[in-house]
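Chemist: One-letter residues, chain by chain:
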Amino acid sequence: VSPEASPVGGRRLALRFGVLFPLLAGGLLLAATFLPWATAARERLADGVAATAGVLFPLVGYEVRREGPRGRILRAADGHGVKVGTECDALAPMLILAAAVAVSPVAWGRKAAFLVPGLVLLALLNQVRIGHLLWLSQENPDLFRRAHESWWPAGLVLAAAGLFLVWARRRAAPA
Amino acid sequence: VRRAFLGGAALAGAAAVLAFGSPLYARFLAAAVALTHPGVVVRPHGSAMVVHAEPAPGKVSVDGIFWNLPVLVCLWVLVVGGRWRLLTVAVLLLGALQVGMAHLEAGIVLGRTTSLRYGLVRAWHHGAAALLPLAVVAWGALSRPPRHGVAPSEAA
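Chains A and B, in that order, are what the protein sequence lines are. So in this note's numbering, the last spot in the first sequence is 431, and the numbers never skip. So in this note's numbering, the last spot in the second sequence is 164, and the numbers never skip.
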């Protein structure tokens, strides 16, 4: 997607990306935030995130149990816990990555071959985020809010951007 | 080597601003919001703003508002690596948007909630804050004018 790859066609494709990417990503994010069926789906997604954490954390030696009506409260062995809300699903960086890949001038097979593992990687990074926040809520509650509201959102967005840039620069070739 | 150095420096700078910058930024936002809410006392408190409302003061977290500014600068250095005047304009515009968001959140603390105000705050926290720096960086990189001149290989 470099405008310098080809003086005319490359620049046109790059400008097309520059227009379509924010439009598609913005549309997807608005839909995921405000459409009733999407918010209902996000509730189930958050259930899945909490369930996955309940399976993955013991595998790395961090024993947690799930509590609450939907099993969304993750509680460590010593009693402290965090609640997995709908905004904890890392959907924003995932949709942004999906939109950037979708509007890239690359064959659909290549897009899918990158997007599936890319989204899985972001979902796993989100599990690391939840584990870190659970740990931080006990070890350093003062830092919890800053890590929750600022460090991890920035980290996930930078991770999505980094994944896309690495793919776009090293793997992608025009269709 | 220069690009790797710039990238490392940008990431370190963004991490430092994220780690230590929000209490300082809370002072700026509190001063800006106090101007837009005349008669209401808004004070910085760590990385939050305290809005002195009745019956009890409420807090607005600055961390959730300001984090995309260091992301914008970091990605710009990594991806665009130039066009600094355009970056300055983008930073000022994003800063203005953040002041607007802090103003809206302070209004919600004060009980002046409307569906539009709530919807804008929700849209910001559920994706707009993440998308804005990426869209700006994409535009900064992709709207670069093509390089002029003749390459040495072409001149031969």
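None of these hints come from the bench; they were simulated from the model. Here the structure is a predicted model, which is why all the values come from computation and not from measurement. Be a bit skeptical, because a hint or two may be false.
Claimed, not checked - Covered stretches of chain A, as calculated for chain B (at least 3 residues, CB under 8 Å):
id, stretch
1, 285–294
2, 315–328
3, 349–359
Glycine residues also receive a C-beta, built at the ideal position from the N, C-alpha and C atoms.
Chemist: So, for every hint listed, does it hold in this structure?
Modeler: Okay, the hints, checked on the actual structure:
{"no.": "1", "hint": "285–294", "in the structure": "holds (count 5)"}
{"no.": "2", "hint": "315–328", "in the structure": "violated (count 0)"}
{"no.": "3", "hint": "349–359", "in the structure": "holds (count 4)"}
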